[in-house]
Amino acid sequence: MSQKPREGKRSQVEYLDARSGEGTAGALEELHKQLLLLPPYRWLCSAIAGSGISPRGLLISTPYIWLLLFFLAPFLIVLKISFSEYAISQPPYTALFELVDDIYVQIKLNLENYQLLFEDDLYWRAYLNSVKIAGISTILTLMVGYPLAYGMTRAPQRWRLALLMLVILPFWTSFLIRVYAWIGILKKEGLLNLLLINLGIIDQPLTIMNTDTAVYIGIIYSYLPFMVLPLYASLEKMDDTLLEAAADLGSRPIKTFWQITFRLSLPGVIAGCFLVFIPALGEFVIPDLLGGSGTLMIGKTLWAEFFSNRDWPLSSAVAVVLLLILVIPIVAFQKLQEKDKAA
Amino acid sequence: MAGSGHEVRKKWDPWNDPQEKPHVQLLSVSKRFGDFTAVDNIALDIYKGEFFSLLGPSGCGKTTLLRMLAGFEQPSQGQILLEGSDMAGVPPYRRPVNMMFQSYALFPHMSVESNIAFGLKQDKAPKGEIAQRVEEVLDLVQLSSFAKRKPHQLSGGQRQRVALARALVKKPKMLLLDEPLGALDKKLREQTQFELMNIQEQLGITFVIVTHDQEEAMTVSTRIAVMDHGRIVQVATPTEIYEYPNSRYVAGFIGDVNIIEGRVSEVGESHLNIVSEQSGCGIRARHAVDAPVGATVWIALRPEKLVISVDAPADTTTNCMAGEVWDIGYLGNLSIYHIKLDSGIMVTTAQTNRTRDVERPITWEDRVYLTWTPDAGIVLGQ
Amino acid sequence: MNKGLSWFTWSALIFGFSFLYLPIILLVLFSFNESKLVTVWGGFSTKWYAELFNNQGLLNAAWVTLKVAFVSSSVATLLGTISGVMLTRFSSFRGRTLFTGMIYAPLVMPEVITGLSLLLMFVAVSLDRGFLTVTIAHITFSMCYVAVVVQSRMATFDHSIEEAAMDLGCTPGKTFFAVTLPIILPAVVSGWLLSFTLSLDDLVIASFTTGPGATTLPMKIYSQVRLGVTPEINAVSTILVGLVATGVLIATIISRRNDAARLRDERLAAVDP
Numbered sequence: 201m202s203q204k205p206r207e208g209k210r211s212q213v214e215y216l217d218a219r220s221g222e223g224t225a226g227a228l229e230e231l232h233k234q235l236l237l238l239p240p241y242r243w244l245c246s247a248i249a250g251s252g253i254s255p256r257g258l259l260i261s262t263p264y265i266w267l268l269l270f271f272l273a274p275f276l277i278v279l280k281i282s283f284s285e286y287a288i289s290q291p292p293y294t295a296l297f298e299l300v301d302d303i304y305v306q307i308k309l310n311l312e313n314y315q316l317l318f319e320d321d322l323y324w325r326a327y328l329n330s331v332k333i334a335g336i337s338t339i340l341t342l343m344v345g346y347p348l349a350y351g352m353t354r355a356p357q358r359w360r361l362a363l364l365m366l367v368i369l370p371f372w373t374s375f376l377i378r379v380y381a382w383i384g385i386l387k388k389e390g391l392l393n394l395l396l397i398n399l400g401i402i403d404q405p406l407t408i409m410n411t412d413t414a415v416y417i418g419i420i421y422s423y424l425p426f427m428v429l430p431l432y433a434s435l436e437k438m439d440d441t442l443l444e445a446a447a448d449l450g451s452r453p454i455k456t457f458w459q460i461t462f463r464l465s466l467p468g469v470i471a472g473c474f475l476v477f478i479p480a481l482g483e484f485v486i487p488d489l490l491g492g493s494g495t496l497m498i499g500k501t502l503w504a505e506f507f508s509n510r511d512w513p514l515s516s517a518v519a520v521v522l523l524l525i526l527v528i529p530i531v532a533f534q535k536l537q538e539k540d541k542a543a
Numbered sequence: 032m033a034g035s036g037h038e039v040r041k042k043w044d045p046w047n048d049p050q051e052k053p054h055v056q057l058l059s060v061s062k063r064f065g066d067f068t069a070v071d072n073i074a075l076d077i078y079k080g081e082f083f084s085l086l087g088p089s090g091c092g093k094t095t096l097l098r099m100l101a102g103f104e105q106p107s108q109g110q111i112l113l114e115g116s117d118m119a120g121v122p123p124y125r126r127p128v129n130m131m132f133q134s135y136a137l138f139p140h141m142s143v144e145s146n147i148a149f150g151l152k153q154d155k156a157p158k159g160e161i162a163q164r165v166e167e168v169l170d171l172v173q174l175s176s177f178a179k180r181k182p183h184q185l186s187g188g189q190r191q192r193v194a195l196a197r198a199l200v201k202k203p204k205m206l207l208l209d210e211p212l213g214a215l216d217k218k219l220r221e222q223t224q225f226e227l228m229n230i231q232e233q234l235g236i237t238f239v240i241v242t243h244d245q246e247e248a249m250t251v252s253t254r255i256a257v258m259d260h261g262r263i264v265q266v267a268t269p270t271e272i273y274e275y276p277n278s279r280y281v282a283g284f285i286g287d288v289n290i291i292e293g294r295v296s297e298v299g300e301s302h303l304n305i306v307s308e309q310s311g312c313g314i315r316a317r318h319a320v321d322a323p324v325g326a327t328v329w330i331a332l333r334p335e336k337l338v339i340s341v342d343a344p345a346d347t348t349t350n351c352m353a354g355e356v357w358d359i360g361y362l363g364n365l366s367i368y369h370i371k372l373d374s375g376i377m378v379t380t381a382q383t384n385r386t387r388d389v390e391r392p393i394t395w396e397d398r399v400y401l402t403w404t405p406d407a408g409i410v411l412g413q
Numbered sequence: 003m004n005k006g007l008s009w010f011t012w013s014a015l016i017f018g019f020s021f022l023y024l025p026i027i028l029l030v031l032f033s034f035n036e037s038k039l040v041t042v043w044g045g046f047s048t049k050w051y052a053e054l055f056n057n058q059g060l061l062n063a064a065w066v067t068l069k070v071a072f073v074s075s076s077v078a079t080l081l082g083t084i085s086g087v088m089l090t091r092f093s094s095f096r097g098r099t100l101f102t103g104m105i106y107a108p109l110v111m112p113e114v115i116t117g118l119s120l121l122l123m124f125v126a127v128s129l130d131r132g133f134l135t136v137t138i139a140h141i142t143f144s145m146c147y148v149a150v151v152v153q154s155r156m157a158t159f160d161h162s163i164e165e166a167a168m169d170l171g172c173t174p175g176k177t178f179f180a181v182t183l184p185i186i187l188p189a190v191v192s193g194w195l196l197s198f199t200l201s202l203d204d205l206v207i208a209s210f211t212t213g214p215g216a217t218t219l220p221m222k223i224y225s226q227v228r229l230g231v232t233p234e235i236n237a238v239s240t241i242l243v244g245l246v247a248t249g250v251l252i253a254t255i256i257s258r259r260n261d262a263a264r265l266r267d268e269r270l271a272a273v274d275p
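From first to last, the protein sequence lines stand for chains A, B and C. Residues 201 to 543 in this note's numbering are what the first sequence lists, from first letter to last. Residues 32 to 413 in this note's numbering are what the second sequence lists, from first letter to last. Residues 3 to 275 in this note's numbering are what the third sequence lists, from first letter to last.
Derived from the structure by calculation, the hints contain no laboratory data. Mixed in with the good hints, there may be bad ones.
Straight-line C-alpha distance at most 25 Å; calculated PhoX-like pairs for lysine-lysine [to be verified]:
| no. | chain 1 | residue 1 | chain 2 | residue 2 |
| --- | --- | --- | --- | --- |
| 1 | B | Lys155 | B | Lys181 |
| 2 | B | Lys152 | C | Lys176 |
| 3 | B | Lys158 | C | Lys176 |
| 4 | B | Lys202 | C | Lys176 |
| 5 | C | Lys38 | B | Lys181 |
| 6 | B | Lys179 | C | Lys176 |
| 7 | B | Lys202 | B | Lys181 |
| 8 | C | Lys38 | B | Lys155 |
| 9 | B | Lys204 | C | Lys176 |
| 10 | A | Lys388 | C | Lys38 |
All of these numbers come straight from a predicted model, not from anything done at the bench.
Only chain A is shown next, with the shape it has when bound in the complex (with noise of 0.2 Å):
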């Protein structure tokens, strides 16, 4: 019975073991040994220490076990590195812990980067636009998935299946070729300006592609599904009987519409709007393939600042401020959907 785990179990240790030998379990008792400064992790070492071990217990701590070292733990490093000094060595910081006389640990907190944020413009407006840029194209996201939801519930009953799948479908295939598809279409010489020139609307091409408003078209059509998925899910689940009533009352379509059918499907455009912002927020791939030199979004300063400036200090202080802004929305939103839940 619980002979299978422990077999997968054992074989993903020799992988790991096969795959860079003595190194690699160097290595991880480095890890192990810097881990034992975290009390969770230190919790469940003694725990399943004084557990006696037993098989199943170990198989079901596999997976806390794996995300305490490869999601925590190198979350704590990016915070403690952000505290650290750029310095042109091998890796680029100074060390934030010191042993003094071996008894002493001397911990240097250096808070220059996160002053740096503040101070240079370049931080703080590569923030606020992205947070604008988010926003934007959160509504205008809602606006284009909006009338495709609504759409999609009106249509008759046997379709409905195949368009949420048609919905689905483009989240499956890969988010780089779809940015990469829109290149084609919004650069100068590309298929848009193409066409309207040769439909005499316009003399001129138009410059889209590296502005901003590239970026808005990128990600109102990446995170599409994100925003029809919830509101498709709250208009479906409503009860046509309603306007009829609204309707018998005397009120009319348009009044109908905002009254009724727009208010009931508001959990879903929350629901909606929060899984496009959030994502949109730290997006890297877009504003870099389809934004300017002038598009300043903050994935993109930090990753620039990573592989461009090689200022690993600095990029951790961004990447922890980001996490901070993001926080805000986040605690925002499940905050909702238990208040959902619970009515």
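Dock chains B and C against chain A, hints included.
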């Protein structure tokens, strides 16, 4: 033993026999979930071959009690003994007890046959024996021709029977049934109640059933435990529960009842005299509770035990309430009358419609008299 | 009233779905263009596909990507399934809140941060970057998606089915394999597929965590895309889109057939006495 045929069953009352050892014993069992006490200090004996009902409204702790018998919950306090041995710490998969779930909990990915064979396979029974016993039990529940079907290919009633067969095939010492008929429609439910009773009598297994349906409990049980807020209020046979409830709660929960408040005025050898302003008359009832003169008591009167008449009886001072017909419900076999007494309280009576045409039918606003015999009223204390 | 809506419905659907599909259709179309210019139609040709199969760098990257996707989605499915079961069936263990948080956080974490943090950790423990590190990174975020998919399946199926198995003499461990796993298997499979496509698709995290010799296909495509649109990239994209679309379509058709069969069975069963 339940035995076969009705003559044996009539005399069969092991709970009155001090020599008989209980099959299952609950010794002051309590179960708490955090601050909430689901089961509160219950003591109960169930005898071999009984069809025992746990009856009560939802949230009264009856399902928790059943789950403790099955081993899904451990008592916070107290002991559960099965044939004298303590069940504490014995996991569900090692208990000689099987359960039929309210949702039936059939394995959706297995055929009827494999569902039923599942329990036997866990015991590593030989293949031939498994096949034989599955066939037997399928025959018992009349599903032999459905052996190869999957649960979703069955109707509700058939699924219910598969669940029963699956729980019976291991020949458990005790079968626990959690609202076994709750999902069936009324007609099928009534029919299945009798099937369940037949199967129980044939196999002689102890059945413990949880239900909120008092009619169901009355029909199938040897004894009923009425529960409220985690406690057992009364344990008795269906007849006793109906005719001699021990509290206003039980009287009200099983069947319809009129409850009238009064004060004891005289304590006789076998009877009590009660003054009651609500009824507007003196009440004479059989002695049932220990109540001194002056104590407040309640008299429970079943609607069918009251006789309605437009003519005043000879004695209007004892066991005779006068009032006005407020409402009439004609149910075909019965007529229900709501009478507003002179004191203002409402009383219900039910009369069998024995003849087609009544010479002078009782109608709205008629002044009527309700009478009953001293044996009909039940005196209840606090 | 219905007629008035119908006009609006039609235009909303047509506009919405053209917006979703036109770019992909154009991309596919121009992968068959004879001309190197993406905007000028020079006649039908499959020469870009032929060229693709001579591009060793691209083929190597594709092979690396497939390997990473296969290994990472398999491990992620294992870990994610355990996590999903833990979240629904183990109501209290030490650090449950932390664990739940760690399952959900990667879903909303910007990729740049996930990538950066993993890279910094690999550097901190001086683990050489390459195939192993990308795979670890992909497992970490994929397992959270699997966990959520499995968890939602676990939450909707009747817990008493597991209790019934235990009641019939099955130990908890055996119950998992005999009853729970077969029931949640569709969710586990879709979790695997989801992890596989996520891994196939990932550019940002791979760029941070990979090293020399383990360049993935999205990285390769990205570096070429930055230089401009080429029919060759269109061809790669077409193949990728085609593969995924076929897979998803087949999966949908199979599951809808099963649903239809099931519905038919249930209708038949309702007629039976």
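Each hint tested on the structure:
no.: 1; hint: Lys155(B) - Lys181(B); result: 23 Å, holds
no.: 2; hint: Lys152(B) - Lys176(C); result: 12 Å, holds
no.: 3; hint: Lys158(B) - Lys176(C); result: 20 Å, holds
no.: 4; hint: Lys202(B) - Lys176(C); result: 22 Å, holds
no.: 5; hint: Lys38(C) - Lys181(B); result: 59 Å, violated
no.: 6; hint: Lys179(B) - Lys176(C); result: 24 Å, holds
no.: 7; hint: Lys202(B) - Lys181(B); result: 23 Å, holds
no.: 8; hint: Lys38(C) - Lys155(B); result: 70 Å, violated
no.: 9; hint: Lys204(B) - Lys176(C); result: 24 Å, holds
no.: 10; hint: Lys388(A) - Lys38(C); result: 17 Å, holds
In this structure, the hints that do not hold are numbers 5 and 8, in rising order.
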